[in-house]
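Peer 1: Just so you know, the protein sequences line up as chains Z and V, in that order. For the record, in the first sequence the residue sitting at position 158 is 158 according to our numbering, with numbers rising by one throughout. For the record, in the second sequence the residue sitting at position 239 is 239 according to our numbering, with numbers rising by one throughout.
I should point out that these hints are in silico values taken from the structure, not numbers from a laboratory. A hint or two may mislead.
Derived DSSO-like pairs (lysine-lysine); straight-line CA-CA distance at most 27 Å [stated by the list, open to error]:
no.	chain 1	residue 1	chain 2	residue 2
1	V	Lys-170	V	Lys-148
2	V	Lys-185	V	Lys-122
3	V	Lys-210	V	Lys-185
4	V	Lys-110	V	Lys-188
5	V	Lys-171	Z	Lys-93
6	V	Lys-174	Z	Lys-93
7	V	Lys-112	V	Lys-122
8	V	Lys-188	V	Lys-171
9	V	Lys-171	V	Lys-68
10	V	Lys-68	Z	Lys-250
11	V	Lys-334	Z	Lys-93
12	V	Lys-171	V	Lys-210
13	V	Lys-329	Z	Lys-250
14	V	Lys-171	Z	Lys-250
15	V	Lys-68	V	Lys-418
Derived list of chain V stretches under chain Z, where covered just means 3 residues or more per stretch with a C-beta under 8 Å from a C-beta of chain Z [what the hints assert, rightly or not]:
no.	stretch
16	94-105
17	367-377
18	388-394
The beta-carbon is built from N, C-alpha and C at its ideal position, and this holds for glycine as well.
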Amino acid sequence: MSGTRRRADAFSECHPAVNFFYFLIVLLVSMFLSHPVLLGISFFGGLCYSVRLRGRRQVVKFNLLFTLPAMVIVAFVNPAFNHYGVTFLFYLKTGPVTLEAMVYGVVLASMMFIAVLWFSCFNEVMTTDKFVYLFGRVIPALSLVLSMAFRFVPRFEAQLHVIRKGQKAIGRDVRNGNVLQKIRHGITILSIMITWALENAIGTSDSMRARGYGMKGRTAFSLFRFDARDGKVSAVLAALFSVCLIGFHKGVASAQYNPVIRIGGLPLSGQSLPVYAAWAGICFFPVLMGLWEDHTFRKLEAMGNRERHLPWYLTDGRAAS
Amino acid sequence: MRRRIVRTLTSVLLAGMMLFAAGCDFSTNSGKAAKWDQQAGTFSTKHEKNGDALKEKNELPGDGIITKAQMKTIAGRDGSYEFYSEDPDTGITYTWTYEGEKIQNPIEQKMKVRFPEEKTEKVKESANHATVGLGVALEKANLAAPAKLTLSLPEKLDADSVVLCKLVDKKPAKMCGVSIGTDTKEGKEITTLSFPVLEMGDTYYLVGGKTKADEVDEVASGEAVSNQADPGKASSGEKGTPAENSGSGQRAAKVTEDTSPGVGSTQGPEKTAKGSVDIRDRTAGNGKSDQSNKDDGNAGNAQKDRTEKTAHTCTISIDCLTISANSGKLNSSKKGFVPKNGWILSSKTVEYTPGETVYDVLYRVCRERGIQTEASYTPAYSSYYVEGIHQLYEFDVGDLSGWMYSVNGWFPNYGCSKYEVSDGDTIAWRYTCDLGRDVGDQYWENGQ
């Protein structure tokens with residue numbers, strides 16, 4: 001992260017309301033319609049956007065380390081405890097292990113995986129100030145609590161670095177001493193962290209109150225304007241989503257795994273194809289928008305460079321050809 | 001750096017898991033403590049004045065109530081336990097017989113029986129002018145086990161076939177047959193009527209009459225005088241029901257003696273008497289006629305065959321008949337799995353190994369036939385709970401739906417993997433859409 005320059009993302013610069021409703025729709029559809037095609041599209045969309053926002057290395061590492069094992073566990077746990085389905089594989093004391101339950105386990109796991117992917121994007125795009133801007137006046141207490149909760153893990157991690165460095169300086173890191181001492185140091189650090197977290201939460205809420213948070217007429221720190229581009233983006237997304245909704249209503253997105261697997265909309269037909277295309281449009285929208293903006297920016301930059309007759313070593317090198 | 005953080009987080013997680021494990025351990029300890037308390041409880045009731053441990057034969061208290069603590073003392077024990085009392089108005093002595101091993105979940109039993117006479121005349125009239133009619137009112141309560149009720153009438157009854165009826169829409173409907181026996185009391189011949197009690201909380205009617213006048217006397221006297229009457233004579237009797245019953249009774253008695261010759265020598269008569277009662281009850285319950293008339297010559301072989309054949313078989317059936325009446329509430333994805341006639345498995349006689357439970361039999365039968373089942377073990381009841389059979393799960397037909405089981409007509413008040421199957425049991429798995437009310441379970445009606 002430190003080495004790579006953080007890219008400007010076009011979709012992140014849209015109005016928070018657009019961002020919020022976009023993620024709401026994508027997450028709800030991915031989590032409640034367990035249709036394999038929709039999930040697949042959602043997965044690739046989420047993966048591309050996540051890579052774009054956070055860099056390839058981090059996304060791959062995180063997913064291989066945490067999400068994939070969790071996914072495998074869920075996929076195998078489901079058929080062990082649910083025995084619905086007509087295709088028996090082998091028997092347990094509580095009933096047969098079935099293919100249907102196994103497939104649903106995989107679907108469930110991928111659903112979780114996709115939700116995690118999209119949430120990682122959500123965290124990057126919907127920063128705390130955006131969240132507070134959106135909900136600070138409607139539900140001040142809840143939005144503050146939520147924004148604190150969203151920020152909790154990254155802040156906790158950052159603080160852990162600080163505390164551990166401090167402890168290490170006085171020889172009380174978790175790597176110092178024998179096992180017993182290591183445990184004792186670990187517990188001390190944990191205790192420090194919890195104390196800090198609790199105190200910090202109270203400090204934040206006190207500070208917010210001191211600044212008149214939630215009072216009438218108070219404005220947010222960041223100001224966002226709903227401009228023409230936001231209007232266009234909303235219109236395109238709304239059009240795509242209405243196509244999807246019509247398709248969902250017609251049963252293109254219906255999926256049943258218990259007791260028999262029945263997937264609606266397959267094989268691809270004139271009815272289902274536009275719906276999947278529209279859904280792909282929604283899922284890839286932020287990436288496409290970002291790419292288009294990058295392209296436009298590069299074009300403009302090159303044009304500007306040409307008009308100003310800058311020598312090549314002063315241009316960014318990006319617009320060389 | 002990151003790796004170290006991961007390590008720290010893992011150690012924190014581990015610590016959490018250890019705490020959790022410790023918590024679990026604590027809870028098991030408390031579980032043990034609870035069990036110990038229970039034991040202590042039964043122990044203390046032993047020394048209480050009212051809560052004496054039940055004996056094989058007990059006189060009922062005035063209110064006819066046997067408490068939960070008392071029932072606990074015979075729960076799961078071998079042998080049968082009798083509770084008797086005499087109705088002061090009619091002079092009828094009634095005896096409840098419980099099989100100790102069928103009681104797994106002891107509950108309070110209300111065994112008082114009244115003999116109301118208000119409607120008996122009407123019932124007799126509507127039952128084709130029966131000569132005998134007796135109202136038997138049972139308390140509204142749940143049974144801890146299927147019980148047998150035996151009535152010793154103060155006089156000799158002039159009837160050879162009696163059935164147990166219940167008023168359904170003011171008309172008597174037959175529930176089961178009643179076996180008739182005779183006994184002597186104070187030098188007088190009296191009639192005993194016994195029938196299985198599978199439901200309570202209503203007034204039931206014993207209705208009967210005389211079909212063949214001559215045989216009753218002969219057979220009755222034969223049984224009363226000697227238990228060791230020769231089998232040839234008994235089985236040569238005509239096809240009348242009492243003759244058959246007594247015949248099978250004696251033959252069964254012989255079998256018991258054969259199998260345990262050592263014990264039989266001193267307590268012979270008592271044992272045979274008990275055996276005869278047992279078998280007679282069973283034949284009456286099954287409603288099957290004996291084959292005694294056919295194989296007179298090699299009676300011994302026939303007995304042997306029969307005991308071997310029936311020793312390890314039970315009957316199992318699975319139905320979802322109640323769904324057709326509630327098809328509006330049926331989960332749409334399960335429509336294809338409701339059989340047209342409502343039977344998933346029509347009554348099948350299967351073999352079992354002794355010690356197998358109802359769940360074991362269901363699991364094996366369904367596995368052999370490729371019927372899907374799902375069950376989950378519930379530690380609180382230490383039994384498997386059957387969630388679904390043939391893709392039909394609990395709650396698939398409304399909130400009150402699910403699978404229930406009955407054995408010989410009784411819906412046990414404990415789990416299916418605690419009920420050990422015994423000879424000739426008829427297991428019925430039934431899908432209910434109304435917490436058992438629509439399949440004949442009275443648990444919610446008769447409960448407190």
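Peer 1: In ascending order, which of the hints set out earlier in this document are inconsistent with the structure?
Peer 2: Hints 2, 4, 5, 6, 8, 9, 10, 14 and 16 contradicted; others consistent.
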